[in-house]
Amino acid sequence: MQQQATSRNAPLSARQQQANRRPLLSSRLLPYLLLAPALIAIALVIIYPIFYSLYLSLTDANLLRLSEAEFVGVDNYVRLLTREDFWQSLGVTALYTAGTVFFGYFMGLLTALILNQNFRFRGLARTLISIPWATPWLVVTLIWYVMFNPQMGPINVILQRVGVIDVGIPWLYQRDTALISIVIVTVWREFPAATLLILAGLQSIQPELYEAAEVDGASRWQRFRFITMPSLRTINLVVVTLMTIWASKLFTVAWALTQGGPGDATRVLSVYTYQEAFLSNRLGRASALAILTFVLVFALVVVYFALLNREEQEA
Amino acid sequence: MATQLQTSGVQVMPTAKQTRSKFITRLGFALLVITVTLAIIYPFYWMVMASFVPEGYSIANAPVLLPEMFTLETYRTLFEERPVFTWILNTLLIVGGSTAVTIPLSLLAAYSLNRFRFFGRRAIVFFILMTQLLPASALMIPLFLIFRGYGLLDTYQGITIAYISFTLPLAIWVLWGYLQGIPAEFEEAALVDGCTPLGAFVRVTIPLALPGIAATALFIFLEGWNQYLLAYLLTSSSDKWVISLGLFSFIGEYFVEIEQMMAASVVASVPALLLFAVLQRYLRGGLALGGMKG
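Protein sequences, first through last, are from chains R and H.
Numbering (the numbering used here) for the first sequence: 1 to 315.
Numbering (the numbering used here) for the second sequence: 1001 to 1294.
Note that these hints are calculated values from the structure, not bench results.
From the three backbone atoms N, C-alpha and C, an ideal C-beta is built for every residue, glycine too.
Facing chain R, from chain H, some residues (calculated, C-beta under 8 Å):
#1 V1064
#2 A1138
#3 Y1228
One-sided and incomplete, this derived list gives chain R residues near chain H with beta-carbon spacing under 7 Å:
#4 P31
#5 P136
#6 L138
#7 I158
#8 K249
#9 A256
#10 T273
#11 A277
#12 S287
Just chain R, with the same shape it has in the complex (with noise of 0.2 Å):
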């Protein structure tokens, strides 16, 4: 490069004076103006619904009668927190999103594990255990949907012939079952994303950490409490923030499956704002709904991220 630029040095530098002038001028404007067009288009479809949604949190206004809109300040929230829905809503997706959570991160780490060993079809396995995360949510749905069908689904049938039970379960339809069943079809979707992201993680651990443990007497489990578990700490963090914010945005299966029901067995936030919004045709209540259900998930993240932050540093 150096030789390069004096052997080539004076039309180098008129060439460079005139380069230099050039972004002078661009080279501040520049970043703005290849953000513009996408910034714009972010404006206009979410920043600025965003916004529209938040008036309509401040009013009373109702689907079929918009234009008759009112101010009601932060009536619609205050109703809300003071409500038993809102707090039973609340706690469906507070217990949805720790079951997806706890047991999507105990399978990821199960097949994760399993997948670190060395053994022969461990490509295939791995192919086979990422299948479900490659379907499309609306075949899932559709293939659970058949599952825990109460007479020919093949989880009741296997039950039955197994002797556990003697009439089939109604997986979906029964308050018991309802939003275990979601829980089930939900892990079953996601947890390969955890598999790959532990993986990933457990490649990354030093062998010689393993070798050394083994010479010193620690046990299988000792192993994995003491090496395996602390090198996973960052990657655990990532695995339950992305786990966190997809089940709060969980629509599809608890619709498509059992429509917020039986009665509000598994009317998660989203489900339940729906309704408000396109059933019951209170916007403004509705739209209070989402602003909450996004403050909370923000607040989650911000928590997460911290937690995120501080092991970075600490590593």
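Following the hints, position chain H against chain R.
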């Protein structure tokens, strides 16, 4: 110290008992692998299997493993009775449209965020990350009302615009990560040779980023193929249904046609699985960077 010597001594000369316990461990591990894998894949296997049996077979026989019959008839009636091709075409049109808008915008934005240091840059990055946290349920009410006001409900344009609300932040995020992997030296060399910054971007960066752009486009496509809530809310006439709405129409039918349902599911899975296979290489990076979407 003593135990250490002991264990290393044992390892040199394994006894018969030890070989047997090793064998048992390996057998146990193999059983574990097989059980876990089969349990995970079983629902998917069942879907494929049920799509190849005569209609009505599943309800009558409740098959759990291999069926005794095989036919392609279900696929024929599926395509005859339901406009599957229209669903696919609609999806391609809408996802293709939003991708065509998203890619250029996100590429420019990702380039800007990557190669320039300017006031407000960090805030914008954080802001774009935050937009990914927005659930579709937070956008659905205002989008529905705005679209109703502009006559965009139940139109291809409307759904395409709605899809941009989740493809754009995702694409910026993924491309941002990809561009970080391309050294700026190539562009600097072009600048030294007299290229304008934009010229360097077009002639150097874009060709180098093509694989990443292609991966992003496929990633967006996969997300669009999966999208349900916005399509469900903004579409009313069945001739504009995207694939997810077509699949949803099977649920709640009075007479559940299980075989057709599973055949339609197989049809909808194939493109997604193929794309996934292509993208697998990028998924780890993509997941860490752009994987905020479910």
